[in-house]
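Using the sequences provided together with the hints, build the complete structure.
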Amino acid sequence: DSWHQYGPAFAEVESDWSFGVSPGFWQANIADPRLDRVDPAVFEQNVINMISKTHVQWHLITTFNEAGEGTHVESCPEWSSASGYGEYLDALHRHPESSRRLA
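Using the numbering used here, the letters of the sequence shown map in sequence onto residues 1 to 103.
No lab work stands behind these hints, which were simulated from the structure alone.
None of these values were measured; they are calculated from a predicted model.
For glycine and all other residues, C-beta sits at the position ideal for the given N, C-alpha and C.
Worth double-checking, as some hints may not be accurate.
[Claimed, not checked] Taking CB as the label site, the calculated pair distances span:
{"#": "1", "residue 1": "Thr54", "residue 2": "Tyr6", "range": "14 to 24 Å"}
{"#": "2", "residue 1": "Pro33", "residue 2": "Asp1", "range": "27 to 37 Å"}
{"#": "3", "residue 1": "Arg34", "residue 2": "His4", "range": "10 to 20 Å"}
{"#": "4", "residue 1": "Glu74", "residue 2": "Val42", "range": "15 to 25 Å"}
{"#": "5", "residue 1": "Trp58", "residue 2": "Arg94", "range": "13 to 23 Å"}
{"#": "6", "residue 1": "Ser83", "residue 2": "Ser2", "range": "32 to 42 Å"}
{"#": "7", "residue 1": "Tyr6", "residue 2": "Asp36", "range": "12 to 22 Å"}
{"#": "8", "residue 1": "Ala82", "residue 2": "Trp3", "range": "35 to 45 Å"}
In structure tokens form, the structure reads like this:
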């Protein structure tokens with residue numbers, strides 16, 4: 001058994017069972033962001049930090065397409081890239097997790 005911490009208001013969130021990264025958190029119904037949009041280079045370093053945590057069961061990216069929370073990493077004009085995927089997905093593509101078995 002395990003669980004993961006949902007913590008989109010933190011650029012990195014780590015527990016004994018999970019490690020998550022967030023590109024930002026600004027819910028559509030609040031005036032100010034709880035986490036300003038993280039620079040893509042900082043997000044990439046956070047991804048590297050996450051994949052180095054091989055002892056945890058959950059590696060989480062908050063989120064692919066949750067625009068209502070301002071946590072999405074899918075491509076959009078604000079962080080477009082030559083690949084067409086956008087800077088955040090490019091960072092994830094540059095640092096794939098290797099296959100590993102959990103005991």
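Hints versus structure:
1. Distance hint check for Thr54 and Tyr6: the Cβ-Cβ separation is about 21 Å, which falls inside the suggested range of 14 to 24 Å.
2. At about 34 Å, the beta-carbon gap between Pro33 and Asp1 stays in the expected band of 27 to 37 Å.
3. Between Arg34 and His4 the beta carbon distance is about 19 Å. The supplied range of 10 to 20 Å therefore holds.
4. Taking the beta carbon of each, Glu74 and Val42 are about 18 Å apart, inside 15 to 25 Å as hinted.
5. Distance hint check: the CB atoms of Trp58 and Arg94 are about 21 Å apart, consistent with the given range 13 to 23 Å.
6. In this structure, Ser83 and Ser2 meet the distance hint of 32 to 42 Å, their C-beta atoms being roughly 33 Å apart.
7. For Tyr6 and Asp36, the Cβ-Cβ distance of about 19 Å falls inside the hinted range of 12 to 22 Å, so the restraint holds.
8. Taking 35 to 45 Å as the suggested C-beta distance range, the pair Ala82 and Trp3 conforms, at roughly 38 Å.
In summary, the structure agrees with every hint in the numbered list given earlier.
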